[in-house]
Amino acid sequence: MSRIPDGENGDINSVLTRNIGALRDKQNEDQRNASLQERLAESITRFTGSMAFVYIHLVLVGLWIAINLGIVPGVPVFDPTFVILATFASVEAIFLSTFVLISQNRAAAMAERRAELDLQTSLLAEYEITRALSLTIAIAKHLGVEEANDPSLQELRNYVAPEKVLEEIEQPPEEASTLQEG
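Numbered according to the working numbering, the sequence shown spans residues 86 to 267.
These are computed hints drawn from the structure, not numbers from a lab.
Glycine included, every Cβ here is placed at the ideal spot set by N, Cα and C.
Just so you know, not all the hints are guaranteed correct.
Computed Cβ-Cβ distance ranges for the label pairs, DEER-style [unchecked claim]:
(1) I179 with S128: 52 to 60 Å
(2) L202 with D164: 46 to 54 Å
(3) T206 with F138: 32 to 40 Å
(4) S135 with T215: 26 to 34 Å
(5) N190 with P247: 23 to 31 Å
(6) Q112 with P247: 36 to 44 Å
(7) L202 with V176: 36 to 44 Å
(8) F138 with L209: 41 to 49 Å
(9) K111 with A225: 36 to 44 Å
(10) D164 with A119: 37 to 45 Å
(11) V100 with A194: 25 to 33 Å
(12) F173 with Q122: 17 to 25 Å
(13) D110 with A210: 32 to 40 Å
(14) A225 with A107: 32 to 40 Å
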């Protein structure tokens, strides 16, 4: 019976498992290092984004309206013009939007760090692939393999400088030289 290589039997290979664990550890560390204010804002945002929050508000606002329309017997009307309700709702909206912005800023900072990691990993992979292609071409030439002289391989083994790609991307379309030429 032959051994099935990692990944072919549906299992996650050990490198991927390690990477997932490292990312989870980093997320847990970020959670532990969050300030009290950040954790509070995150908790409030999580709750206010739930259906429980909606149901509570439906009950409270419905009750407030029913009382102030005089529908609930034995309870005196205290806000006949609903000005207090409108004021309360406005103040609540100000605070809730602030909590949401705090949470979004934190999430954006984490996303930026992940994007930086992705970029660094991609640049390293591009460099490694370029070097491996150069070595493969050299071996193929040494062995006399005809495809080693394919001009497209020569172009592929050229290192792509990220700053040049960024400059090209930032050019207006009419001024761009396009990286595909040549």
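Query raised in the report: Can you give the numbers of the hints that this structure goes against, from lowest to highest?
Result: Hint check: 1, 4, 6 and 13 fail, others pass.
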